[in-house]
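J.: Please build the complex by placing chain H on the supplied structure of chain S, with the hints as guidance.
There are 2 protein chains.
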Amino acid sequence: MTPSSLNQLIEALRVLPGVGPKSATRMAYHLLQRDQSGAVNLAHAIEYAIATLKHCRHCNTFTEMDVCDICADEGRDTSRLCVVEMPTDLMMVEQTLAYHGLYFVLMGRLSPLDGIGPKDIALARLLERASDGVVDEVVIATNFTVEGEATAHYLAETLRVRGLIVSRIARGLPVGGELEHVDPGTLAQALVERRKL
Amino acid sequence: MTPSSLNQLIEALRVLPGVGPKSATRMAYHLLQRDQSGAVNLAHAIEYAIATLKHCRHCNTFTEMDVCDICADEGRDTSRLCVVEMPTDLMMVEQTLAYHGLYFVLMGRLSPLDGIGPKDIALARLLERASDGVVDEVVIATNFTVEGEATAHYLAETLRVRGLIVSRIARGLPVGGELEHVDPGTLAQALVERRKL
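Chains S and H, in that order, are what the protein sequence lines are. This note's numbering puts the first residue of the first sequence at 3, with every later residue one more than the last. This note's numbering puts the first residue of the second sequence at 3, with every later residue one more than the last.
No lab work stands behind these hints, which were simulated from the structure alone. Possibly wrong hints are sitting among the right ones.
A pair counts as met if it fits within one copy or between any two copies, since identical chains are not told apart.
Derived EDC-like pairs (lysine to aspartate or glutamate); straight-line CA-CA distance at most 16 Å [stated by the list, open to error]: (1) LYS24 / ASP185; (2) LYS56 / GLU149; (3) LYS56 / GLU182; (4) LYS24 / GLU159; (5) LYS24 / ASP91; (6) LYS56 / ASP71; (7) LYS56 / ASP79; (8) LYS56 / ASP37; (9) LYS198 / GLU149; (10) LYS56 / GLU13.
Note that the structure is a prediction, hence the values are computed from the model and not measured.
Next up, chain S with everything else stripped away, as it sits in the complex:
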């Protein structure tokens, strides 16, 4: 009963993460009924991004050039390499203004349950990148989720045997955090990882 081009659009929208049949249907009607010019623009933006974006030869983040702005910046500390899961994480670290080294973006995390193993993220490229003789410390800044932690442990073991210093960003209470409102796991970690004053 539903026209096939409409069904195809609803099906196609389901590639978006977190979009099930109901929201795909709502999105399809919205695009067709309320915002056809936005829809055409979206189609073009997808095609343009796929045609234009590639991975930085050094750090693996998305860029339109061969080497991204950060890797091309000669003012950065080349002895430190911060490993993050996604380009958005890189942006978050940059916003702190507290890190001046270079990055490596895994474009994912180890997640055996989803079938994502070492070969599905850019691990081989990271090992090659970290073994360039200039990098001496790798700062692992994957998320503190189960998958992010597993990735961090795996990376630490693999990098340490190559003679690199491997560190992990700290866990603890957030700035302005109150003990009353923090979860017990974070508080436990904050106790274990306490620093001498």
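T.: Leaving out everything else, chain H in the frame of chain S:
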């Protein structure tokens, strides 16, 4: 810092209903990193649907032909016209197998707060359609939301002065519903709209 084609894609994804900056970013990375073929397919599906779909000349639903399957079906009761907000609502009514008349799809509802007035939904076409001399009853099946109810009242007044019978689908407890678990508003309506046995 973010490449401009990536930024354009993130911005473009925000035309989708319920998608803010954070989920647009997540969607963009997912399309680029995990499912480029699905992304290309989505772009094509949008373009194809916009090029192919038009409104049924009689009932205003989406169709690839001039007149949709239901309006073209000669076995339907042409004296009844059921008014719904969206094509999905039409599908829901069809699934009941309890209605054999024709439809009219408003493609929206009156919503003054969102700037959607009588001119923004297909009201003029509905009035023309309902005045064809064959239709004698209009069954209003807009949603029981504030906007759907306002639309129903507006339609009822406009259609009644043209000598048409106007009815509204019933409110009440759902099939299998228990008084204990129904909201007071629905229960109150079920009392007011009680039927003689």
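J.: Now, for every hint given, state plainly whether the structure supports it.
T.: Going down the list of hints, with the structure as the test:
1. In the homo-oligomer, the alpha carbons of LYS24 and ASP185 never lie at most 16 Å apart, since the shortest distance is 34 Å inside one protomer and 24 Å across protomers.
2. In this assembly of identical chains, the alpha carbons of LYS56 and GLU149 never lie at most 16 Å apart, being 25 Å within a copy and 46 Å across copies at closest.
3. In this assembly of identical chains, LYS56 and GLU182 lie within 16 Å of each other by CA distance neither inside one copy nor across copies; the values are 46 Å within and 58 Å between.
4. Taking the shortest Cα distances, LYS24 and GLU159 never come within 16 Å of each other, neither inside one copy (44 Å) nor across copies (33 Å).
5. Proximity of LYS24 to ASP91 under the C-alpha cut-off of 16 Å is restricted to the inter-copy arrangement: shortest distance 13 Å between copies versus 30 Å within a copy.
6. Proximity of LYS56 and ASP71 under a CA criterion of 16 Å is satisfied intra-copy only: 13 Å inside one chain copy versus 46 Å between copies.
7. In the homo-oligomer, the alpha carbons of LYS56 and ASP79 never lie at most 16 Å apart, since the shortest distance is 24 Å inside one protomer and 58 Å across protomers.
8. For the homomeric pair LYS56 and ASP37, the shortest alpha-carbon distance between copies (14 Å) is at most 16 Å, but the shortest distance inside one copy (30 Å) is not.
9. Proximity of LYS198 to GLU149 under the C-alpha cut-off of 16 Å is found in neither arrangement, the shortest distances being 30 Å within a copy and 62 Å between copies.
10. Taking the closest pair of Cα atoms, LYS56 and GLU13 never come within 16 Å of each other, the shortest separation being 27 Å inside a single copy and 19 Å across copies.
Violated hints, in rising order: 1, 2, 3, 4, 7, 9, 10; the structure is consistent with all others.
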